[in-house]
Structures are given as C-alpha cells and as structure tokens.
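Chemist: Chains as they are written, first to last, in our numbering: chain A, 1 to 377; chain B, 1 to 164.
Rather than coming from a laboratory, the hints here were simulated on the basis of the structure. These figures come from a predicted structure and were not determined experimentally. Where hints are given, some of them may not hold.
Stated by the list, open to error - In the DSS-like style, the derived pairs of lysine-lysine whose C-alpha atoms are separated by at most 30 Å in a straight line are:
{"hint": "1", "chain 1": "A", "residue 1": "64", "chain 2": "A", "residue 2": "215"}
{"hint": "2", "chain 1": "B", "residue 1": "74", "chain 2": "A", "residue 2": "371"}
{"hint": "3", "chain 1": "B", "residue 1": "86", "chain 2": "A", "residue 2": "351"}
{"hint": "4", "chain 1": "B", "residue 1": "62", "chain 2": "A", "residue 2": "327"}
{"hint": "5", "chain 1": "B", "residue 1": "62", "chain 2": "A", "residue 2": "218"}
{"hint": "6", "chain 1": "A", "residue 1": "371", "chain 2": "B", "residue 2": "107"}
{"hint": "7", "chain 1": "B", "residue 1": "86", "chain 2": "B", "residue 2": "107"}
{"hint": "8", "chain 1": "A", "residue 1": "86", "chain 2": "A", "residue 2": "57"}
{"hint": "9", "chain 1": "B", "residue 1": "141", "chain 2": "A", "residue 2": "59"}
{"hint": "10", "chain 1": "A", "residue 1": "57", "chain 2": "A", "residue 2": "300"}
{"hint": "11", "chain 1": "A", "residue 1": "188", "chain 2": "A", "residue 2": "121"}
{"hint": "12", "chain 1": "A", "residue 1": "218", "chain 2": "A", "residue 2": "261"}
{"hint": "13", "chain 1": "B", "residue 1": "62", "chain 2": "B", "residue 2": "107"}
{"hint": "14", "chain 1": "A", "residue 1": "96", "chain 2": "A", "residue 2": "86"}
{"hint": "15", "chain 1": "A", "residue 1": "59", "chain 2": "B", "residue 2": "32"}
{"hint": "16", "chain 1": "A", "residue 1": "218", "chain 2": "A", "residue 2": "188"}
{"hint": "17", "chain 1": "A", "residue 1": "326", "chain 2": "B", "residue 2": "146"}
{"hint": "18", "chain 1": "A", "residue 1": "259", "chain 2": "A", "residue 2": "205"}
{"hint": "19", "chain 1": "A", "residue 1": "115", "chain 2": "B", "residue 2": "107"}
{"hint": "20", "chain 1": "A", "residue 1": "115", "chain 2": "B", "residue 2": "74"}
{"hint": "21", "chain 1": "A", "residue 1": "371", "chain 2": "B", "residue 2": "141"}
{"hint": "22", "chain 1": "B", "residue 1": "42", "chain 2": "B", "residue 2": "32"}
{"hint": "23", "chain 1": "B", "residue 1": "141", "chain 2": "A", "residue 2": "326"}
Claimed, not checked - Label pairs and their in silico Cβ distance ranges:
{"hint": "24", "chain 1": "A", "residue 1": "144", "chain 2": "B", "residue 2": "93", "range": "28 to 36 Å"}
{"hint": "25", "chain 1": "B", "residue 1": "75", "chain 2": "A", "residue 2": "231", "range": "17 to 25 Å"}
{"hint": "26", "chain 1": "B", "residue 1": "58", "chain 2": "A", "residue 2": "57", "range": "26 to 34 Å"}
{"hint": "27", "chain 1": "B", "residue 1": "74", "chain 2": "A", "residue 2": "77", "range": "51 to 59 Å"}
{"hint": "28", "chain 1": "B", "residue 1": "116", "chain 2": "A", "residue 2": "118", "range": "38 to 46 Å"}
{"hint": "29", "chain 1": "A", "residue 1": "140", "chain 2": "B", "residue 2": "161", "range": "37 to 45 Å"}
{"hint": "30", "chain 1": "A", "residue 1": "118", "chain 2": "B", "residue 2": "59", "range": "49 to 57 Å"}
{"hint": "31", "chain 1": "B", "residue 1": "55", "chain 2": "A", "residue 2": "375", "range": "23 to 31 Å"}
{"hint": "32", "chain 1": "B", "residue 1": "160", "chain 2": "A", "residue 2": "340", "range": "14 to 22 Å"}
{"hint": "33", "chain 1": "A", "residue 1": "203", "chain 2": "B", "residue 2": "160", "range": "44 to 52 Å"}
{"hint": "34", "chain 1": "A", "residue 1": "321", "chain 2": "B", "residue 2": "157", "range": "19 to 27 Å"}
{"hint": "35", "chain 1": "B", "residue 1": "160", "chain 2": "A", "residue 2": "257", "range": "17 to 25 Å"}
{"hint": "36", "chain 1": "A", "residue 1": "333", "chain 2": "B", "residue 2": "160", "range": "34 to 42 Å"}
{"hint": "37", "chain 1": "A", "residue 1": "57", "chain 2": "B", "residue 2": "52", "range": "19 to 27 Å"}
The beta carbon of each residue, even a glycine, is placed where N, CA and C say it ideally should be.
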Amino acid sequence: MPVKITTYFPFRQKTCLIILVMTFTLLQSSISSPALQSLGVGTEGPDLTLQDSRGTKQKFSTLKGDKLTMVLFWASWSRQSEMALKQMEKLHQKYKNQGLSVVGINVERQTIDAKALTDIKGTTDRLQISFPTLVDHGLITFHDYGIIAVPTTVILDKDRKIIFEMSGFPLVGARDMIHFLAAAIEGKAPPAEVAKKTGYQPDKKAVRAWNMGAKALKSERTAHTAEMWFKKAISADPDFILSHLSLGSYYQEQGDIGKAKEQFQQALTRKPDNASALSKMGLLLLNEGSIADARTMLEKAIKADESYVPSYYYLGYLTGKEGDMKKATELFASAEGLNPMDYQINVYRGKMFEEKNDIEQAATSYKNALKQLLNRK
Amino acid sequence: MNSKPHFLLFIALVIGPCWVHAAPSNAATCEKNASTLAHEGKLDEGLAAIRQCITDNPSQAKAHIVLGDLLLEKGDLQQAMASFDKALELQPRSSAAKTGKGIILSKNGDLKAAEAILTDALKLNPDPVRTHYELGLIYEKLGDIKGALAHFKQGISLYEKETR
C-alpha cells in the first residue's frame, strides 16, 4: 500500500517540510547566474547618459562612486524591484560616504509618457529612495547592457569594469551581494562561501581578446575573425565562460552545430549551473529533436536561475510542441513577467503556434515581436 | 607677383568643399535632435525643432520625412501626408516617404492603394523592416493571414540581420 506523506509528517512537520523545500529552492538561486546577454564579469560596462525624473541629463562619469558604482535596473511593474530598491537604499545610506554610488535606472517601458513618469516618481517617493534615479527613454541602456530580467543589479568599478552581476533578487544572491559589497568597500575578506562564488575575475588578456571578438561580430567584413579572438580568449583563460558561450553561438550561426555543442559543453563542464549554457544547449537539443534531453537541460536552467528568461520561452516552445498548451502559456507568461520587452518571447510563441498550424495566433505573435523591434528603432 | 588671388583660390579649394558638406551634416544633426526630442516623449518640441530645420534648409527630403513621421505619431494624418508628398517631390525614389504614405492610406482604409505603394517602397528600400510590418498589417486586414505571417517573419529576420 502506498504510504501517504501525512503518515510520516503530520500537520506541523508537513509545514516544516514545505519550509525546508522552499528554503532549499531559494538556496539554488546562486550568485553565479548570468544577468546580461552579451556582457559579464570582467568586461566593460557601456557608458551611459540618461535623464533624471526632472529631465536633466546625467552622465555616468558624474554619478560614479570613488570606489564602486551599483546600478539597479528596475521597473514599477516588476514584483521584485521594490525589494531591490529598498535594499539599495539601505546600502546607499551605509556606504555613500565610503566610495559607493548607487544609481537606479528605470526601464518601465519603451516609451515613457506622463503616466509612466508619475508611476516612477510614485514608487521612489513611497519607498523614500534618495539615490539618483534615471529614466531609460527608448530602453537604450537596457539593450546596451543586454538586461535579461528585471530587476538586475550590476556593480562596476571606477573604470566601468563589471565586477558583479545579478538578475532578479534571489534571497541568497542578495545576501551574497551584500557580503561581496562589504568586502570590496570595507576591505574585509568575504565569507569563504561567498568568496568562492564571487572571487573569480577573468584574465585581462582573455577579456581583451573577447572584446575584440565581440567587436568583430558587429561588422560583416570582420565577423570571420571573431572565431580566432574567442579562441584566443579561451586559451588565455579557459574558465572565462563568456568566451565559450560566444564561440558556441558563433558556430551555431555558422550552422556548425557539432562545434557549438562542444563549446556549450565546455562551459557546462566548468560551470554546471550556468543558466545561459544550459539554455543554449537545451535549445540545440530541442532543434535536433532530442526532446527529453532538451527538457532536462531547460528545467535545470530554470532551477539554476529562476530569472533567466530564455529558459522559460524555450521550455514554453518545447511544451507547446508536445501539446500541453496550458503549461506552455504559463511558461510564456512567466517569461513576460520577468522581461516583457524581450521580443523573442513572441517569436517562440509564434513558432509554437505555426508548428501547431494555428496560423492566426502565429501571425499575431510574430506581429507583436516585430512591433517590439520597431519600437526600438 | 600679387599673391592675394592665389591665396583666395587656395582658401576656396580648401574651405569650399567643407562648406558644401557642412549643410547636409548640419541638417542631419538638426533632424536627429528633433527625432531625439520626440523619442524622449517631447513630441511637440520635436515638431517645433524639425519645422525649424525645414525653415533653415527646405530642400532636405529627410527633414520632410521626419516631420511626416512625427505628425503621424501625433495623429495628424492630413499634414503628415502633405509632408511625405513634399519629400517625394524632392526625392521621388524615397522609400521612407512611400512607406509613410502607405501607412496613412492604410489608416484611412484604402488598403489596396496602401499595398501598392508599400510594395513599391519595398523594391526601393534597403531597410524594409517597417515596410514588411505595414504590409503584414494590410494583409491581416485583407484576411490573408499567411501573407501577413510571411511579412512579419521577414521583418523580424531582416531586423536581426541588420543588428547582428
């Protein structure tokens, strides 16, 4: 006879068990999660000039801290942004005279009208935010940084080098971030567990080579040299995951799936919980028809980082292909909850409907994706 | 020998081309500033700025297109159409002006005329993402969903190729 869980865990114990499981789940959200699409720890953060809520233009150079600058990308529609804003205010109060500058960048929506400005001001007034809040009209800085989910925290040094990134506001990630910041500002050693997660900084030569590769990709004339630069970056620092991911994506675009897989696997060997590598591998497996393996990868990606948006829409596409439209809809909705500005959510929804021969829904999804892209122009 | 004529000739040769190039470059900056203002939600200020650009340099087709786009955004279809017509007078093969006209025709319900001018724009346009979108909308309204889907997909693919 099957044993019911309540036999072993009466009410109080069952509650404890639920708390235990929830705590474990929260602990899974580690600090090592990629928060930016094509940048990462060690690379240079793009410069920025944005308006504050009064319409005055502010430059990064005038806002940056003597030691560090913490940038929070937030929106009033995002559930976790409020928590993040409150925490940033505490850190601002604690470290504003010790070389830390906190800057909030509101990424409310593509076009900021009077209502959006009222919502932004309403939130910052209600939470008594005293650090500068800028408004990203047209989401230019949002796209420059390649933000994956809202909120996202990026810590930059005085030369604008990214030294920390975190998407969402996971419990453990936020705690680690505070330890990391305290160590960097006060010169204290962080707890061993935090040091293990945040201590890695890529080799400078590797970052330089990766930068060259990323720049090469921007021009058709030089794109073919990207492979060489990414390989140089890997040879300078094999643990620099971004190089493996960029080289893998390069091979994928060239149609060399075998080599792409090899690079994503290399990334996973070094960082088995890297949500970006897991998602990229999951999508490759999905495209080649290895549905079960793809599902395992994508579910693992979500477990590793609950804020990594592509994992949700890849898994939504897969789930829809398998026929569970209700679950697929939920997954696409989860992706939109984290980043409604990601046009790929609509592209994958469109692909799913198209494969199901629901041409009307497919056309609507592609139309919405294209509209999002045109708004960026 | 009097060196003054030689000096003036030298000045004319060196400064002259710069002077000729300065007008379009200033015009481009002027148009960009107007677009930026509109992009920042200051549509009326953007409109005032682009009208000033046209007063300063009335022969720039691009400025009339920007004015048309901003008027379109404001919902003034009649004035927008006049701006696109003016742009086409100055530059008859302007795909952007044809796309603008197509959007207005579509908004006015003249779908067949809109389809014709947008298809024409597509043939001329090296950057047809917007045109694909507008054509997709027209096919959708005409009930040709497969045609609409193809244009939306093509627009996405072109955008991705452009920004890669």
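Chemist: Indicate, hint by hint, whether the structure satisfies it.
Modeler: Taking the hints in turn, this is what the structure says about them:
1. With a C-alpha separation of about 25 Å, the suggested pair residue 64(A) and residue 215(A) falls inside the 30 Å cut-off, and the hint holds.
2. Our distance criterion of 30 Å between C-alpha atoms is met by residue 74(B) and residue 371(A), whose separation comes to about 18 Å.
3. Restraint check for residue 86(B) and residue 351(A): not satisfied, since their Cα atoms lie roughly 41 Å apart, outside the 30 Å limit.
4. The hinted pair formed by residue 62(B) and residue 327(A) fails the criterion: a straight-line CA distance of about 48 Å is larger than 30 Å.
5. Restraint check for residue 62(B) and residue 218(A): the C-alpha separation of about 26 Å stays at or below 30 Å, so the hint holds.
6. The suggested pairing of residue 371(A) with residue 107(B) holds, with an alpha-carbon distance near 16 Å, which does not exceed 30 Å.
7. For the given pair, residue 86(B) sits about 20 Å from residue 107(B) by alpha-carbon distance, which is consistent with the 30 Å threshold.
8. Taking the CA atoms of residue 86(A) and residue 57(A), the gap is about 25 Å. The hint holds against a cut of 30 Å.
9. Straight-line distance between C-alpha atoms of residue 141(B) and residue 59(A) comes to about 45 Å, which puts the hinted pair past the 30 Å bound.
10. With a CA separation close to 42 Å, the supplied pair residue 57(A) and residue 300(A) exceeds the 30 Å bound.
11. Only pairs whose Cα atoms come within 30 Å are accepted, and residue 188(A) paired with residue 121(A) is rejected, the gap being roughly 36 Å.
12. For the hint linking residue 218(A) to residue 261(A), the alpha-carbon distance of about 23 Å falls within 30 Å, and the restraint holds.
13. Using a Cα cut-off of 30 Å, the hinted pair residue 62(B) and residue 107(B) holds, with the two alpha carbons roughly 22 Å apart.
14. Of the supplied pair hints, the one linking residue 96(A) and residue 86(A) holds, its CA atoms being roughly 15 Å apart against a limit of 30 Å.
15. Distance hint between residue 59(A) and residue 32(B) is fulfilled; the C-alpha atoms sit about 20 Å from each other, no more than 30 Å.
16. With a C-alpha separation of about 41 Å, the suggested pairing of residue 218(A) with residue 188(A) is violated against the 30 Å cut-off.
17. At roughly 25 Å between alpha-carbon atoms, residue 326(A) and residue 146(B) fall within 30 Å of each other, so this suggested pair holds.
18. At roughly 24 Å between alpha-carbon atoms, residue 259(A) and residue 205(A) fall within 30 Å of each other, so this suggested pair holds.
19. A distance of roughly 26 Å separates the Cα atoms of residue 115(A) and residue 107(B); the hinted pair therefore holds under the 30 Å criterion.
20. The hinted pair formed by residue 115(A) and residue 74(B) meets the criterion: a straight-line CA distance of about 17 Å does not exceed 30 Å.
21. Restraint check: the Cα-Cα separation between residue 371(A) and residue 141(B) comes to about 16 Å, which is no more than 30 Å; the hinted pair holds.
22. With a C-alpha separation of about 14 Å, the suggested pairing of residue 42(B) with residue 32(B) holds against the 30 Å cut-off.
23. With a CA separation close to 29 Å, the supplied pair residue 141(B) and residue 326(A) stays within the 30 Å bound.
24. A C-beta distance of roughly 34 Å is found between residue 144(A) and residue 93(B), which places it inside the suggested range of 28 to 36 Å.
25. For the pair residue 75(B) and residue 231(A), the supplied restraint of 17 to 25 Å is violated, since their beta-carbon distance comes to about 54 Å.
26. Residue 58(B) and residue 57(A) have their C-beta atoms about 31 Å apart, which keeps the hinted 26 to 34 Å range intact.
27. Restraint check, residue 74(B) to residue 77(A): a C-beta distance of roughly 27 Å breaks the suggested window 51 to 59 Å.
28. Taking 38 to 46 Å as the suggested C-beta distance range, the pair residue 116(B) and residue 118(A) conforms, at roughly 44 Å.
29. At roughly 21 Å, the beta-carbon separation of residue 140(A) and residue 161(B) lies outside the given 37 to 45 Å, and the hint is violated.
30. Range check, residue 118(A) to residue 59(B): Cβ separation about 42 Å, and the 49 to 57 Å hint is violated.
31. A C-beta distance of roughly 30 Å is found between residue 55(B) and residue 375(A), which places it inside the suggested range of 23 to 31 Å.
32. The given range of 14 to 22 Å is respected by residue 160(B) and residue 340(A), whose C-beta atoms sit roughly 19 Å from each other.
33. Between residue 203(A) and residue 160(B) the beta carbon distance is about 32 Å. The supplied range of 44 to 52 Å is therefore violated.
34. For the pair residue 321(A) and residue 157(B), the supplied restraint of 19 to 27 Å holds, since their beta-carbon distance comes to about 21 Å.
35. For residue 160(B) and residue 257(A), the Cβ-Cβ distance of about 19 Å falls inside the hinted range of 17 to 25 Å, so the restraint holds.
36. For the pair residue 333(A) and residue 160(B), the beta carbons lie near 24 Å from each other, so the given range of 34 to 42 Å is not met.
37. Checking the proposed 19 to 27 Å range against residue 57(A) and residue 52(B) shows it holds: the Cβ atoms sit about 21 Å from each other.
In summary, the numbered hints that this structure violates are 3, 4, 9, 10, 11, 16, 25, 27, 29, 30, 33 and 36.
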